[in-house]
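So the chains spell out like this:
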Amino acid sequence: MDILSLFVIVPVLTVIALFFSNGLKQARIISMIGSFIQLGMAINLLFTYLKERAVDKSVMLFTQDYVWFENFNVHYAIGVDGISVALLLLTSIVVLAGVFISWKTDDLPKEFFISLLVLATGVYGFFISIDLFTMFVFYEIAVIPMYLLIGIWGSGPKEYSAMKLTLMLMGASAVLMVGVLGIYFNSNADGGALTFNILEISKVHIPFEAQKLFFPLTFIGFAVLGALFPFHTWSPDGHASAPTAVSMLHAGVLMKLGGYGVFRIAMFLLPLGAIEWSWFFIILSAIGVIYGAFGALKQTDLKYINAYSSVSHLGMVLFALLMLNKTSWNGAILQSLSHGFMTALFFALIGMIYGRTHTRDITKLGGLLKVMPFISVIYVIAGLASLGLPGFSGFVAEMNIFVGAFQHEEMFYRVATVISVSAIVVTAVYILRVLGIMLMGEVKNEEYLNLPKATWFEITGIMLLLIPMIGMGVAPLWLSDMTMESVGPFIQGVLNHL
Amino acid sequence: MNLNSFIAMRQEIFLLTILLLLIVGEIFIHKNKKESLVHFALFLFGIHTIIGFFAIEETSLFGGMFRTNTLIHFFKNALNVGVLIVLLQSADWIQEKMVPLNKGTEFFMLLFSSLLGMYFMISAGDFLMFYLGLELSTLPVAALVAWETSKRISSEAGVKFILSAGLASGASLFGISLLYAATGSIYFADISTVLTSTNLTLLGFLLFFAGLAFKISLVPFHFWTADVYEGAPIGVASYLSVISKGAAAFILMILLFTVLKPLMHVWENIIYVIALATMFIGNLFALRQQNMKRFLAFSSIAQAGFILLGLITGTQLGTATVVYFILVYIFTNLAAFGVVQAIALQTGKENRDDYNGLYRTNPNLSLVMMLALFSLAGIPPVAGFFGKFFLFAAAASKGYYLLVFLAVVNVTISLYYYLLVVRAMFIRKNENPIPFFKSKIYMRLGLLLTVLGILVLGLYSPLYDYIFELSTLFNK
Chain H
1 MDILSLFVIV PVLTVIALFF SNGLKQARII SMIGSFIQLG MAINLLFTYL KERAVDKSVM
61 LFTQDYVWFE NFNVHYAIGV DGISVALLLL TSIVVLAGVF ISWKTDDLPK EFFISLLVLA
121 TGVYGFFISI DLFTMFVFYE IAVIPMYLLI GIWGSGPKEY SAMKLTLMLM GASAVLMVGV
181 LGIYFNSNAD GGALTFNILE ISKVHIPFEA QKLFFPLTFI GFAVLGALFP FHTWSPDGHA
241 SAPTAVSMLH AGVLMKLGGY GVFRIAMFLL PLGAIEWSWF FIILSAIGVI YGAFGALKQT
301 DLKYINAYSS VSHLGMVLFA LLMLNKTSWN GAILQSLSHG FMTALFFALI GMIYGRTHTR
361 DITKLGGLLK VMPFISVIYV IAGLASLGLP GFSGFVAEMN IFVGAFQHEE MFYRVATVIS
421 VSAIVVTAVY ILRVLGIMLM GEVKNEEYLN LPKATWFEIT GIMLLLIPMI GMGVAPLWLS
481 DMTMESVGPF IQGVLNHL
Chain L
499 MNLNSFIAMR QEIFLLTILL LLIVGEIFIH KNKKESLVHF ALFLFGIHTI IGFFAIEETS
559 LFGGMFRTNT LIHFFKNALN VGVLIVLLQS ADWIQEKMVP LNKGTEFFML LFSSLLGMYF
619 MISAGDFLMF YLGLELSTLP VAALVAWETS KRISSEAGVK FILSAGLASG ASLFGISLLY
679 AATGSIYFAD ISTVLTSTNL TLLGFLLFFA GLAFKISLVP FHFWTADVYE GAPIGVASYL
739 SVISKGAAAF ILMILLFTVL KPLMHVWENI IYVIALATMF IGNLFALRQQ NMKRFLAFSS
799 IAQAGFILLG LITGTQLGTA TVVYFILVYI FTNLAAFGVV QAIALQTGKE NRDDYNGLYR
859 TNPNLSLVMM LALFSLAGIP PVAGFFGKFF LFAAAASKGY YLLVFLAVVN VTISLYYYLL
919 VVRAMFIRKN ENPIPFFKSK IYMRLGLLLT VLGILVLGLY SPLYDYIFEL STLFNK
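In the order they appear, the protein sequences are chains H and L.
Be aware that the first sequence starts at 1, since it is given in our numbering, and climbs by one per residue.
Be aware that the second sequence starts at 499, since it is given in our numbering, and climbs by one per residue.
Next up, chain H with everything else stripped away, as it sits in the complex (with noise of 0.2 Å):
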């Protein structure tokens, strides 16, 4: 068996076992089990990565083919590099402290964790697919159990908010499908077989009028899931109205597929397209950068200035994309993997404040430094990972995008870049500003004095999230190298046809 395969297998098995597992006790357990190894599995990943990489200089690592459906020529291809490898890390340590944190879910816990898991191993498949039907196939699986788990676990307005999620992203991998059979049946323009082989199309020259039209569909199908403008509006409801673990995982993971879909597809497939459409889209990513800032401004819920500074950071990687050259192609994945940390350990830690205060107003909420010291001195790590201190990961992947950005020298370039780097001092100020009224001051209620303690498992989850975060900023060099040299082959196809 292939060491990708595995991937797939591992968590499909630990469903599996789910299955027949009974009460809460043990399906933690399970979860807990199935989701270590898979941390295991990435980390020994990286390690034969690393090692094959010195000896192996081809696109794709690991790679292994098997025919699917014959006639359509689906295969179900995988290989794997840098930033596939980097991204398969950050999911299953964001899997596994959302196991940890999960630790106390009463209601119906086999099923949430079945849900849990299945979204999980659409996301596996999905980093390691090299075909654009298996990549499909897992994208949908990945977002389908996301109904589940905010509609059945999740607080408030949940069913609405659920049902918006799942039809928005829904939707668009929908409009992707069209996509995706576009560039199917124009992968045979050079006179080869009809072919769902990313690899292998990036090869054929799809006629300019077939790439202008399919780019901006297979685009929007990604994007949506990265939370694109006027696109994004499923984000604050759905992060708002989900559980703790759902969000991290959501928001840490899941809204990277788009990122990820959108330059390793609908770019290095239809370069030509991307070149024709990049403007309308630097427009709304931009509008998307600056539009969450102010909206995280302007919240009181914890949560849902969370969701909007996601909107923000992942219009910013977007952005990155659209900017088409090396630099801020790797700022972006960079970005996607530092906000991966860094929003996941967000969640938890609201999730925390939430469990032990029952509110997630911030403007009810104050001194929590004195009374939860360990939780807030978190947060505050997290705030300032946030606004891009340098020495934490944000700052590397932010400063990569806009040197990136500026070296453009159109006027249209620069002024896009002005208002996207302009967002980082919003950021500054909603992230202080929640700093400000939650952490500090007087302790508004009396109630508030003796909370519990954070306990073990939530401090698991948490360094779980923390150490590769600061790992990121303090040493971002070996990261940077490795994503920054699979970033070549992609961004060079993309160059060639400028």
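Please keep in mind that the hints were generated in silico from the structure rather than gathered at the bench.
The beta-carbon is built from N, C-alpha and C at its ideal position, and this holds for glycine as well.
Each hint should be verified, as a subset may be incorrect.
Claimed, not checked - Not everything, but these chain H residues come out facing chain L in the computed CB check (under 8 Å):
| hint | residue |
| --- | --- |
| 1 | Phe-69 |
| 2 | Glu-159 |
| 3 | Val-178 |
As the list claims (entries may be wrong) - Beyond 10 Å from chain L on every Cβ pair, some chain H residues (computed):
| hint | residue |
| --- | --- |
| 4 | Gly-23 |
| 5 | Leu-61 |
| 6 | Asp-106 |
| 7 | Gly-151 |
Mind docking chain L on chain H? Use the hints.
Structure of chain L alone, referenced to chain H:
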């Protein structure tokens, strides 16, 4: 007739034998032991289904009136499996409700007659045989729709069905006569060589098409669907929604791709418009249905619209994807109907709100229903996704990207109402939920078969490749 002809017609002959055996049984078995006939009929039909899987050779009989080949044979097998599932799911209902009224055996006899009609319809080599098959498959169903004579709504549905069916088959017959007038033949093989696009043939085609469109319940011939499904016994409604619809779609496809191929530039456009109308109307009307049977009726109208996306192509890919989709659809829709039937039989409840909180009392039934709904909505990894994706691929292969785009818009609309049922079962709470119950063995077997179909048909790819191979037969 020699032995080979018997072998070629063995599906028909065996089914007829079962029918006759049931008549004999009905006459000679004592009134109090009629229940055993239910087991007997199921057993015989099970054997019939299994025997069907033995291969058959391409044959043409009676001077070309009757023909069969591997694809037709394959499709008959698919219908057999579907009918077997329908019977398994209805067996409890027949035993509990119909046998005491002394109407158990006739149910089987009428259903088998209708199935026999479908065999002849899809095996037809000329329009006469086709028409006979069409009638034979429709008339018994009218009686079955009105089977629960004690219920007014059932009788009403029966009348509605027979009136609309009569009108449709009249139109169809008139269309056939016009085609005959224009070409001078009723044999498919002859017509395809001489058919040209004239006003007369176009009118003939339109009228003929209307008759089949009624059976597939395409817009604007769908008005009977919801009322009839609601009034009919659930087993009959599920039979109408999958077997009857599937067979009609199959023969329509064969006729369009072979006999009526010269008119392709016309029927392409007609199907384009009708596909859009069917998808949108089916989906939009399904949004507000409370009754599960009406809900599934509109959902099945919308699904018929998706089938047209494969029909529009006129290629081997189109044939393969349509047959594959129908096969998947048989299992999927029967799973949904099966759950509705199991619940209705136990509690008499048929509304969506009654399903609130079902998962907490009946997790297995809810899971089956969820799988079925996901498959209907086209969510991987269940079979419905592959069926839909391939149909859309077929349409895209001919460059109908706008149509595919509008179809995926419809998929999203349909996802909404399918999720409403999931929401009822999994998310909503209920003061007074449907209590836990265990269905009898036949029902469970019927549901198990559908679940296996839903899970396996998609992931097991050689099946699609096999269908694709067979599809060359009608696309030379």
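Evaluated hints:
{"no.": "1", "hint": "Phe-69", "result": "5 Å, holds"}
{"no.": "2", "hint": "Glu-159", "result": "6 Å, holds"}
{"no.": "3", "hint": "Val-178", "result": "5 Å, holds"}
{"no.": "4", "hint": "Gly-23", "result": "15 Å, holds"}
{"no.": "5", "hint": "Leu-61", "result": "26 Å, holds"}
{"no.": "6", "hint": "Asp-106", "result": "14 Å, holds"}
{"no.": "7", "hint": "Gly-151", "result": "4 Å, violated"}
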